[in-house]
Amino acid sequence: MTDTQIKPSADALMRGPAGGGAVKPGLDPVRVIRWTLLAMGAIVMVMPIIYMLSASVKYPHEMFETNIIPESPTFFNYGRVLEDGRFYRWFLNSLVIATVTTVSAVFFDALVGYALCKFKFRGRYLVFIAILSTLMIPTEMLIIPWYMMARNFGWLDTYWGIMFPGMMTAFGTFLMKQFFETVPDDFLEAARIDGLNEFQIWWSVAMPLVTPALSALAIFIFLGNWTAFIWPLIVTTSQELYTIPVGLTTFSVEQSIQWELIMTGAALATIPTLVVFLIFQRYIIRGVAMAGLKG
Amino acid sequence: MATLTLRNLVKAYGKTEVLHSINLEVADGEFVVFVGPSGCGKSTTLRMIAGLEEITGGEIMIGDRVVNHLEPKHRDIAMVFQNYAIYPHMSVRKNIGFGLRTSKMAPADKERRIDEVAALLSMTELLDRKPAQLSGGQRQRVAIGRAMVRDPAVFLFDEPLSNLDAQLRTQMRLEIKKLHQRVRNTIVFVTHDQVEAMTMADRIVIMKDGHIQQVGTPAEVFHQPRNIFVAQFIGAPSMNLLDATYADGQIRAAGASVALPLELPAGSALTMGIRPDDLSVAPGPGLFSGTVSVLEPLGTETLVYVDIGGGHEVIAKADGRTPPRLGETVHLHADAANMHLFDTSGEALR
Amino acid sequence: MATLTLRNLVKAYGKTEVLHSINLEVADGEFVVFVGPSGCGKSTTLRMIAGLEEITGGEIMIGDRVVNHLEPKHRDIAMVFQNYAIYPHMSVRKNIGFGLRTSKMAPADKERRIDEVAALLSMTELLDRKPAQLSGGQRQRVAIGRAMVRDPAVFLFDEPLSNLDAQLRTQMRLEIKKLHQRVRNTIVFVTHDQVEAMTMADRIVIMKDGHIQQVGTPAEVFHQPRNIFVAQFIGAPSMNLLDATYADGQIRAAGASVALPLELPAGSALTMGIRPDDLSVAPGPGLFSGTVSVLEPLGTETLVYVDIGGGHEVIAKADGRTPPRLGETVHLHADAANMHLFDTSGEALR
Amino acid sequence: MKLYDRLSIKQKQVVWAWTFLAVPVVFYVVIRFYPTFDAIVLSFQSWNMLEARQWNGFDNYATLFADPVFWKVFQNTFLYLIIGTPTSLIFSFLIAYHLDKTRFLHGFLRALYFLPFLTSTVAMAWVWRWFYQPVPVGIFNSFLSSAGISQVPFLNSTTYALPAVLAPAVWAGLGFQIIIFMAGLRAIPISYYEAARIDGVSNWTILREITLPLMRPTIVFLVVFSSIGFLRIFDQVFNMTTNNPGGPLNATKPLVMMIYQTAFNSFDMGYAAAQTVVLFTVLLIVSLIQLRLLRDR
Amino acid sequence: VEIEYWQYIFDSRVTAMNTLIENFEAANPDITVNQSTFPYADYRTRVAVAIPAGEGPDVVQLFYGWLNDYVEADLIQPLPTDTFSPERIEAEFFPMVQAMEMDGAYMALPTAVRSLALFYNTRLMEAAGFEEAPANLDELVSMAEAMTQRDGSGNITLVGLTTGMTAQDHHWLREVLNRQFGAVPYSDDYRTVTYNTPEGVDALEFYASLEGDAGVSVSGFMDEPQAAFRAGRAAMHIDGSFRIGALQSTPGLEWGVAELPAGPDGTQSNYASYWVNAITSKAEGEKYDAAVKFMEYITSDEAMQIWLETVGELPARPSAALTPENTADPIYGPFIAGLEYGQATVFADESAQRQVLVDAVSRILLEDQSPADSLAVAAEAEQAILDAYYAE
Ligand SMILES: Nc1ncnc2c1ncn2[C@@H]1O[C@H](COP(=O)(O)OP(=O)(O)OP(=O)(O)O)[C@@H](O)[C@H]1O
Ligand SMILES: Nc1ncnc2c1ncn2[C@@H]1O[C@H](COP(=O)(O)OP(=O)(O)OP(=O)(O)O)[C@@H](O)[C@H]1O
Ligand SMILES: [Mg+2]
Ligand SMILES: [Mg+2]
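Line order of the protein sequences matches chains A, B, C, D and E.
Everything in the first sequence is counted per our numbering, starting at 2 for the first residue and increasing by one.
Everything in the second sequence is counted per our numbering, starting at 10 for the first residue and increasing by one.
Everything in the third sequence is counted per our numbering, starting at 10 for the first residue and increasing by one.
Everything in the fourth sequence is counted per our numbering, starting at 655 for the first residue and increasing by one.
Everything in the fifth sequence is counted per our numbering, starting at 3 for the first residue and increasing by one.
In case anyone wonders, no lab produced these hints; they're calculated from the structure.
Check each hint, because a few of them may be wrong.
[What the hints assert, rightly or not] Straight line, CA to CA, 30 Å or less: simulated BS3-like cross-link-like pairs of lysine-lysine:
#: 1; chain 1: C; residue 1: K82; chain 2: C; residue 2: K139
#: 2; chain 1: C; residue 1: K139; chain 2: B; residue 2: K24
#: 3; chain 1: B; residue 1: K103; chain 2: D; residue 2: K726
#: 4; chain 1: C; residue 1: K24; chain 2: C; residue 2: K103
[To be verified] Taking beta-carbon pairs under 10 Å as the criterion, some of the chain A residues facing chain D (in silico):
#: 5; residue: A131
#: 6; residue: L242
#: 7; residue: I263
For each residue, glycine too, the CB sits at the ideal point set by N, CA and C.
One chain only, chain A, in its complex shape (with noise of 0.2 Å):
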């Protein structure tokens, strides 16, 4: 008898359409049926974003035009955006904004969230609790303690000043929490006896394990640091600190937006989130699908 066979379990590769059955073959025609409208219903949702893209490669005299293949595509606007190069600086701010934040989130979130499930302390729950009650108060209530905060600390119109709010997140802490309560405690005290203290086995055995959630909570919140406007545009003062959204505000002159313009940027902002997402989409859906497995 060999013990080499593996078999992954039977659930695992009947994992077809659930309760698919088996006895008709050929096409049947509920399926066809849901099948035309699932795709409809696709083709509605990304209406809107073909409408984007459509509306940033038209001239501004047909913007007005309900046509979604402008009758001569042009990259007028394209150029207009980035022309006077400042698009690029704004490109650049948001990516390196976005990115330490979302790595510090990502980190603090995790290690919040790791401390909150796996260590038996009193009080674990009042902080949780605590954490998550910060998810039902406006930002917008927040900005001006901020501000004084920032400018106390001299962290106006910077990098750091523009980060700091957003370097740990309620969500986040409340995702990782439920992440770590999939990872079976055997692992964390098979660590202890090999001899690593506890913040090594956070790191290198309990943070591992959980990778597709960190890259779903990554997206979540590279995606809200990357849209972020109202704080990025109350502490920058120099426009070599604008992200993306706050310099698109500067195509809105007073009383009248340069909406194809706005839309350009908007897809030149939204292009790459897009490209990201297609490329590492099985990673991204798997990961995103965890945060719901466990209520």
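We have chain A already, so just place chains B, C, D and E with the ligands on it with the hints.
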């Protein structure tokens, strides 16, 4: 390698005490198996030895050091978990080497040590695989390898075989046993499977509800169980137990009577126990007779479930080639010397 | 209740055929067990009978109806799954009653039927619990109850005991067997544990790689295995196998020779098989002799692993009370009548 | 180190826990709790950001509860909640349920449904605004009018504006919810469905009695988080109604927007803080009620 | 010395200010002016957050309506009376600037002012056979009717006159229509609402009828009035002088400007507004002196002319504005003419007050409330805003 001593060990969760004054000495190089039903406190004891669980009372000594307040890493132990706890994101080599991370060995020595252990477990060619590419038995061996690599004084195993299927389990228990014969570390092994306990242990510790019921070699606990619990727990199928009364050198149970002089007052209530192996189906009037209700052929032998009337069913063994038929009336024979007797409190009388 | 017939049953996933022309007749009321190593196609066969998996080729008949294209619900079957598939959010009563939802019985009759089944499985007082409040064995019984409530012609079980621990498994297999003796439905039961197969089955179907290896009663497959695979798969511990050669009415293996006249050309290569039960440790020169490398005491008996030289290790049985010692040199005796012989292709010679 | 060694296992855990939490706790106290606390204090003061803060007791709250606009806004906020949460959950569940049963181009369809989650609210608000225009520019109305149906004044109406503003919010969050639902669906063992098929119960029964109850944790998660989202809705409304913020006639104005306007258009910070405290209370109560109702009974 | 100057982002304004700074620095080599600019939409918030924190500029550009708050909070310093004597300013600037005087000193001064005028699409006018822009409201309505286009099902596809209370129309209604129909919108100190009179109702009714009975417009048509006009889908459009630049850069659009149509009895009125520059309390010592010098320069005739040429906004001094060249300009002329009878509303809370009028019209159009009732509600609401503001 070292002795292990538990002295008046107590564990309480909140107010409920789950381990009550456990005392045990494990000799250097001994293979001790803890066995008992689910929830009896086996894992808790093991985890206290490992330093994963706080000690409520008493003392644990490894060698001649009291380790009560030492961190796991300083206790010179290694542990193998039920679900193996091998890291899915690391190769086998890294998994095994994980136990050496904090050691001060030179990297080259570490590598050599890993290769050594891998060779011992015949896994050299698997070293670069990830756990997902291994079978259950192989994963189990990786877990053992990770424990072995540090050459600890005491090995702790917590039901390491219970996730394997029957065939693999048999094979792995043999491997572990052979390994122990080679390396001779002190081993404490937890299981709830009495066959595992019997086949592997130098000594078996049988626990129930946080108390040790009996400590002894496999032969001792099988042939001289200290009480009904041990008698029933050890041996498969379980010992047949019948209510009996004693009077005038005769024990009466389920309509049968056996001459056995005991120093007991007449009319004493007893429990009589006979192992299925000691109850054979043979022609001619024996101890009991009854009709066969179920047959379980095992090949060479067949288990015969016999309804002996009065709501009693006993299990006997018959030859595998010529078993009785279902519904047939059979006679069961037993040797008085093989009978076990227990008093009303369950303690063995002899 | 009905017969079940599989005729040239074929299953392919995409291009890989995993079941190759399976033929089997199951009599009305028969208890048939499918056994085989993991991945051999047991579950697939069962699921095809249930109608959960499409049939690639051949025919399945239940009673005298070809059911190939019937929906599961119209096949008059019930199935018990390995993980029980009982709904955690429903009480036991609702779980059992789930099978009756589509039946046209009056609600009062349904209740009566549920109570009846619960009584049969002695779970009446558990009816209002949720599955989370049940032990493993009790959950298993709920799953059986749900299958029974509809009183189907054929019961299908897919490894229903493999999630239970050893003791419970032994107990549940007895319960299922008794149940069958009472209700007498046709049962197809899948397992990879040969002990389960042996003890429960009226007939055993042994499968490997999508082929049936042998069909027969437990005694048949144990005593007359058709090939090496069956010989090794059935019986624990496994049959000892040794390479042998035949010449002049003598079979030579591992230094021993046995007189056995066979109609074979001289110098033919053979495999000789002896079950551990048939290899006994006794004084005086026997078939083999060697040193004891491992002892596995099982109580009444002890398994003795003997190294007979030339890299061969065989398992023998010795008495539990006076087993040999480790390292001792022992003599092993066997009766030529109990030897199994297989040709180079693995087929049994006699 | 010596001292640490003498601690029991439990005490060591406590020490480690707080070591892990030290920096975050400081962060939360300084960056989150202090400003929150400040907002609560501020709700009893009057402050226009320029002058010194002055205590005025419960005046802000008195004004707030006497303000008909507040009650209108309060009602809107709940409308967003009670229309938005069920709609988005039902849609996402239906899509997830059917998408889960589809194999052809499964990944591609799933990606399309997820894409809106990645877009910028500002740009998308504009697009939707454009869709809602009357003829000749609005797609919806052009469509209606070419079908001979009279136009719907989506955004310029006190009845249609709120749902119209809600639609893009639902749209943008749908992809996320679909993925979560699909994960929940996948986590249900197949054998549950197979057992039900053998029992012969209808798809509808399976959905109602097996799928939905087993998805409870997923549903709780989504209900709570999507409710928090809808109660805090702002970006979509703000960007869809830039011409007449929260209008027409406050028909679309949610509480967060009222807070924003009070704070940054009227610079009545104390009043805005009082509104924030109310919002905070509402969010807390709604979340707690949902958890209570949905946690398994 | 370095001083900090803030204004909002508008390309031509930034360019103009850069020119002014360049000129100023050339004349004062020891002073450096740093200009920071912020997106228009959030400029007010940005300034309000920064200045109290002492983080803001030394010289800041503010909308005139916001100034009160800053003055009361002592965040703005009065201009020195020696260089900016009230008498001189009264003599040299358009009278509406006098709102900037407090306790005998000027708190702030504008470089430029703005007013409203009527833009019209020349081609559509020609196509409808009109040669002249409407001179009064009746003509406005009838011409708009003639130029409105509809599709088969009666939906308007081109409006005769844009409407949009959220754009400039609330100013038109408040300061222009009210007065033209005989109402006085506010008391002199702008602390009391006085438009809730039958005349005021007439004005409101007239405005509402543009979309209602007359049917020459749809509010929210193409989202924004100016967008409709720029897209050539509106024949006439009332807007401020700041729109000139955007229209000039719209290719293919032919347009003209006229003074706002006169009222039924020939009354002319206009709404004027301006952005002022002020010195914040942050500037002290030599920075203050530098700031004063800078203020002096940017309120000079020279600066105003540069501003007019670069931005298209009208000089705040008649001496710079009313040059023959400017008054005869077909584009600037009508705006400059409007300045002479322009009114600058003193707002307590501009956005709230705007909302009151926006809602008043919405109630009539969306909820069928009578103009009289709607106006009464509006007057009460606006009075409440004023009372709350001035009570402090
Ligand atoms: N963290 C805990 N809090 C409270 N009680 C606990 C805790 N852990 C274990 N127990 C209780 O302690 C007793 C012993 O548990 P333990 O895990 O040692 O049993 P075990 O013998 O290992 O059983 P099994 O064979 O099921 O693993 C049980 O009754 C259990 O309920
Ligand atoms: N959906 C599937 N697609 C492709 N191959 C499959 C699928 N399901 C099963 N198989 C293959 O069919 C063969 C038979 O599988 P089956 O599940 O019937 O084995 P089994 O005998 O039940 O094994 P086990 O004891 O592990 O349950 C295996 O080789 C398996 O890999
Ligand atoms: Mg345990
Ligand atoms: Mg199977």
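Status of each hint after checking the structure:
no.: 1; hint: C:K82 - C:K139; result: holds, 26 Å
no.: 2; hint: C:K139 - B:K24; result: holds, 28 Å
no.: 3; hint: B:K103 - D:K726; result: violated, 63 Å
no.: 4; hint: C:K24 - C:K103; result: violated, 42 Å
no.: 5; hint: A131; result: holds, 7 Å
no.: 6; hint: L242; result: violated, 19 Å
no.: 7; hint: I263; result: holds, 6 Å
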